[in-house]
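With the hints as constraints, model all of the structure from the sequences given.
Note that my numbering numbers the sequence shown so that position 356 is 356, with each residue one more than the last.
For the record, the hints were derived by calculation from the structure and aren't laboratory data.
Some clues are possibly wrong.
Mimicking DSSO-like on lysine-lysine, the simulated pairs with C-alpha atoms at most 30 Å apart in a straight line are [as the list claims (entries may be wrong)]:
| id | residue 1 | residue 2 |
| --- | --- | --- |
| 1 | Lys93 | Lys224 |
| 2 | Lys226 | Lys317 |
| 3 | Lys224 | Lys130 |
| 4 | Lys134 | Lys226 |
| 5 | Lys6 | Lys134 |
| 6 | Lys305 | Lys13 |
| 7 | Lys317 | Lys134 |
| 8 | Lys224 | Lys134 |
| 9 | Lys93 | Lys242 |
| 10 | Lys242 | Lys6 |
| 11 | Lys245 | Lys305 |
| 12 | Lys130 | Lys243 |
| 13 | Lys242 | Lys13 |
| 14 | Lys305 | Lys317 |
| 15 | Lys23 | Lys6 |
This one's a predicted model, so the numbers in the text were calculated from it and none came from an experiment.
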Amino acid sequence: MADLTKCYSEFIKIENFLNFLMKIIRFSIIPRNILFGFERYTIIYILIYYNITSFIALSYFKGTMMEGFIIIVMLLGLIQAIVKLLVPLNNEKELNGLLLWIRALHQDYSYDFVTQAARIHFSTIQFVIKIFMKIIFTVYVVAGVGVISYANYTDLIIHAIPWMSVKENESHIYHYIHQTIILPSATAIIVAPECILITIGFYFIGIQYVFRDMIQHLNDSYLKNKRQFLRAVYNFHSTLLKKFKIFNDIYFYVLTIQAGSSAFMVVLIFYVIRIETNIIFVPLIIAILLQFALLCFFGDLIYSKTEDIFTNLYLTKWYEFNVSDQNVFLMMMIISQNPFGLKAAGMYDINIVMFIQVIKAGISICAILYAFT
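Now the structure itself:
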């Protein structure tokens, strides 16, 4: 029990960190109503301004394909960030509900084996979350520093000052200072909603592992009140489905835009690499691939675990239960015949297959370009 208590205390730290990020996202440091209730969207306004500066820079652009690729990546990345930031701003109640539900799952269980399963899987998930947060923060920061260094060294304008034109044979020092401020702040803003998505997403995976272990314990001969435990498994399954539907609903547009824009950027990477390569862009390319791979991996893992529910239920000794309990098994198995997962635009499955298909499309484009050159 002490181990699960430790997991609970670790989750409280993670939850407090996420609440801190959400306060920053909502710009709670500004006194209420100073901007007539719109102060919560301050960071959105800032990102919109950043996007405008990139559009202006693109209109002045006369550089290489790789440099144009950088500006396009900045535009798409900022669009992704705006959509992700709208989730905690417009769905604060739903996100808090999910966090409260996850927190409750760290509390005492009526069955020791469920407590043990929760301790093992939640400890693993907490470790994975911390590792991925560190990796994403490091990769994004290194990529941002690399882009800033390259842009200022090669006279590339990524974020142009709207009221100041970009002319050849003139000093661009103000534009350099301007984008040197924008890029680090944009990187920090982008990381915040990523951390929220990663935490809740990976916890869904951990909870599915706990649910799998609960199903397997239905076969335990020493389990005293199997009927009561079966009802607990059924309620857990129903709650899991409801909570995942909430998660899917609030992140619908995020998943759609991120999957589409990331796939486009990955294909564009292969096109650009074939024409021009530079070691300074390696961190940026890694950041793009990591973001897309993580999304596809998470979607594939969610789908595979829900797909296994039907098999896990069927492999139990359901035939040893009475008819009333067998109907409970039947209801869960019927529901489990339609596994839930992440979808882009509600139609395209986000999984490893999508990642492989996008990579294959990029390689095919690269091969076609090689054949024509």
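A quick look at each hint next to the structure:
The suggested pairing of Lys93 with Lys224 is violated, with an alpha-carbon distance near 39 Å, which exceeds 30 Å. Our distance criterion of 30 Å between C-alpha atoms is met by Lys226 and Lys317, whose separation comes to about 11 Å. Restraint check: the Cα-Cα separation between Lys224 and Lys130 comes to about 38 Å, which exceeds 30 Å; the hinted pair is violated. At roughly 43 Å between alpha-carbon atoms, Lys134 and Lys226 are farther apart than 30 Å, so this suggested pair is violated.
For the hint pairing Lys6 with Lys134, the CA-to-CA distance comes to about 21 Å; that is within 30 Å, so the pair holds. Among the hinted pairs, Lys305 with Lys13 is consistent with the structure: their alpha-carbon atoms are about 27 Å apart, no more than 30 Å. Between the alpha carbons of Lys317 and Lys134 the distance comes to roughly 43 Å, so the proposed pair goes past 30 Å and is violated. Between Lys224 and Lys134 the alpha-carbon distance is near 44 Å, which puts this suggested pair outside the 30 Å criterion.
Straight-line distance between C-alpha atoms of Lys93 and Lys242 comes to about 15 Å, which keeps the hinted pair within the 30 Å bound. About 27 Å separates the Cα atoms of Lys242 and Lys6, which keeps this hinted pair within 30 Å; it holds. The hinted pair formed by Lys245 and Lys305 meets the criterion: a straight-line CA distance of about 16 Å does not exceed 30 Å. A threshold of 30 Å between alpha carbons decides the hint, and for Lys130 with Lys243 the separation of about 23 Å falls inside it, so the pair holds.
About 26 Å separates the Cα atoms of Lys242 and Lys13, which keeps this hinted pair within 30 Å; it holds. About 20 Å separates the Cα atoms of Lys305 and Lys317, which keeps this hinted pair within 30 Å; it holds. The straight-line distance between the Cα atoms of Lys23 and Lys6 is roughly 26 Å, inside the 30 Å bound, and the hint therefore holds.
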